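S.K.: Protein chains in written order, with my numbering: chain A, 8 to 174; chain B, 318 to 797; chain C, 372 to 482.
Calculated from the structure, these hints are not laboratory results. Predicted model only: the values in this text are computed from it and were never measured. Don't take each hint at face value.
[As the list claims (entries may be wrong)] For the chain A half of the interface with chain B, some residues (derived, Cβ under 7 Å), not all of them:
1) Pro151
2) Leu158
3) Ala162
4) Met163
5) Ile169
[To be verified] Pair by pair, the computed Cβ-Cβ distance ranges are:
6) Leu583/B / Gln59/A: 37 to 43 Å
7) Ala103/A / Gln715/B: 15 to 21 Å
8) Ala105/A / Arg797/B: 53 to 59 Å
9) Asn95/A / Asn431/C: 53 to 59 Å
A virtual CB, placed ideally from N, CA and C, is assigned to each residue, including glycine.
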Amino acid sequence: MGITQILFWFLTALVLGSALMVIFSKNPVHSVLWLIVTFFCISGHYILLNAQFLAIVNVIVYAGAIMVLFLFVVMLMNLNAETEPQKNKWLKFAGAIAGSCLLLVLVAALKDTDAMRQEVLMKTGDIGLIHNLGMVLFRDYLLPFEISSVLFLSAMVGTVVIGKKGD
Amino acid sequence: MNELQFKALLPYSLLATASIIVILLIAFRRNHFMIQVVGFLLMCGVIFALVQVRPLLPVAIPPLFQIDGFALLFTGLIIGSVAIVGLFSYIYFEAREENPKEYYILLFLSTLGSAILAISNHFVSFFLGLEILSVSLYGLIAYLRNRNHAVEAGMKYLVLAALTSAFLLFGMALVYMDTGTMSFPEIAQKLSAGGGSSVLFVMGMGFIVVAVGFKLALVPFHLWAADVYQGAPVPVTAFIATVSKIGVFAILLRFSLDVNLQNFPLAIDIFAIIAIASMIIGNLLALRQANLKRLLAYSSIAHLGYLLVAFLPGNMAGVEAAVFYLLAYSITLLSAFGIITMLSTRKKDADDVEIYRGLFWKKPLMALVLTIALLSLAGIPLTAGFIAKFYVLGAGIQSQLVLPVIVLVVTSVIGLYYYLRVISVMFAAPVPAEAWEKTVSPLFYNSTYIALVILALALVALGVFPGLVVEDIRTLLTVR
Amino acid sequence: MTINHYIFLSVALFCIGIVGVLTRRNAIVIFMSVELMLNAVNILLVAFSKMHYLAAKIINPATQAGIEGQLFVFFIMVVAAAEVSVGLAIIVMMYRNIHSVDVNFLNRLKH
């Protein structure tokens, strides 16, 4: 087992463990913090795949911007207490069962397809570098790039409309 | 991007500019009347641009867009519906004395998202269009934010839309793994080269169906529909029922035509089951509704089920039937929601069926318009709904879809019951009720009235002379 | 590493997200679970992109195959940021109106 494999398994264990902690923590603030850990580990996976640009963007956008926004809202509402009373255990149980059933079905269906043995290029390969991504983004994908700015416009207007104090 | 492509994109860039113009107008003068008029003129401008673009087609803008007759038809439908929804919005929001100016920005932006869906043939543009549509819809649904209903409806739509877009992405990723590309024509190439149905592709399709089924409110992804329809402001409900569904259906149709979904019997079976379930459950749930908005929600679930029957054959006859069906469906729903808008008062939307008791004796013209709309939804002869259903049936029978066609006929008969119930309430003896609230703006009140009458006349005209549009639809669809 | 490792990692993460959405009642945690699901898809897309790249590289060393997978991830991040901002605004509005972020209180729309 080389260093790549060891890193892969280590990061995978960390991702899944912290993701489980996100959904099982009683305290929303802990959930947010575990989610940040998850995002950092996912960035580690991207670096392992030599997708450096995405690794950086993941840290900046997700772990930086989005999670700070989450944390801010949680703090704003003062939800750091354990506010979720244990009610309706069966529903939770059913939810967990449904999720694991989906997992089983997906794994069973995907397990035997012959495409599954294909190798993934680790550590090398330069398509994930900012130079190559930028060239394609601003040449072929210029239009969707502009469209995503329209998306931000609508998100901004929507947020302002909903978030402003009532008159 | 060359000049031709730039010209072909003109309607869409104009649509994007429309929202910017509205923002600038708000910055200078917060005048509802002016924004409304400018918005309406801009929509007319977009339609004019569509007509101008028509001879240039088809234009491909690789790798993301394909502007052809098909796209033009759907974009035209979307813009036409939005122009009418915008017209309804004035009296609705003016009566509430809310600050409705930003509403138009979001309305035009989500229209842009829907129009992008109609021209895209790539997963990236599919996803971006869908997200523009839904992100603006969150804002629109929760627009009257002081009403508890709006919060609840917005929250439900938000959680479910975010969840299903994750499913959509997972499905896209699986299809990408199978084919190594994200553009529809190339996916089709890879699939036909590979031959046979691969597990990954069918599974990816399954995930994509979850997202599309949610947006179209098909059974079993329909649970949000009634609540969101009831909680959203009436014009927004009309928007969800028409514009957003037209856009999503357009991309579903384009994808399945491009990759030739007929070669994947499993996928077609899934769609057939969804169609049958939607027709049965939509109609059954509508039977006991006493709330007109919820009734229309369930009825639109059933109607999307009928529409899927036209989608199943995957041939040109089916596509023609689907386009005509969408045309009839949107005109019908717009006139029904128009009546609800006009009767809504400041405190309450006119969604209780009891409000309509004896409407015919108080406001005969309105009752007549609503009657025509409901009859068209039920598929009574001499209305557009009947002809549309007839085309769908024809397309289904041609491809020997026995079970869906039988279910279509049977459930249409069931549907007749609840439409006629509402109509009979309207013609019953009136109860002495409080006086109707006086209207805020006579000009817009009258123009909405005129628009509704025109819509109702269009329904009858399409029902009597369907040839008026069928030929045009056919010729436009050949421009690919 | 073969692709199935990545697929199983991502499927597991996706299902953890679904379990979170189904079992939790706090709207913010539900929203975070959705973010987990989106990230599962992102890992999947990056892995697929490197897989297609490797397959194409054997034939043509200068290929750029697979780059659209990574671009798509970029767009997904953009969209997620936009969606989160609107979503949190709605959650704040909900908190203002009913003083709770428990989704079980959202049951006033009835037949």
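S.K.: Now look at each hint and say whether the structure bears it out.
M.R.: Comparing the hints with the structure gives:
Contact between Pro151/A and chain B, as hinted, is supported at the beta carbon level, the nearest pair being about 5 Å apart and thus within 7 Å. A least Cβ separation of about 5 Å between Leu158/A and chain B falls short of the 7 Å threshold, and the interface hint therefore holds. The interface hint given for Ala162/A is met, as the beta carbon of that residue sits about 5 Å from the closest beta carbon of chain B, less than 7 Å. Proximity of Met163/A to chain B is violated relative to the hint, the smallest CB-CB distance being about 10 Å (cut-off 7 Å).
With its C-beta approaching chain B no nearer than about 5 Å, Ile169/A sits inside the 7 Å limit, and its interface hint holds. For Leu583/B and Gln59/A, the hinted distance range of 37 to 43 Å is satisfied, since their beta carbons lie about 40 Å from each other. Range check, Ala103/A to Gln715/B: about 47 Å between beta-carbon atoms, so the 15 to 21 Å window is missed. Here the CB-CB span from Ala105/A to Arg797/B is close to 42 Å, at odds with the stated 53 to 59 Å.
Between Asn95/A and Asn431/C the Cβ separation comes to about 58 Å, which falls inside the hinted range of 53 to 59 Å.
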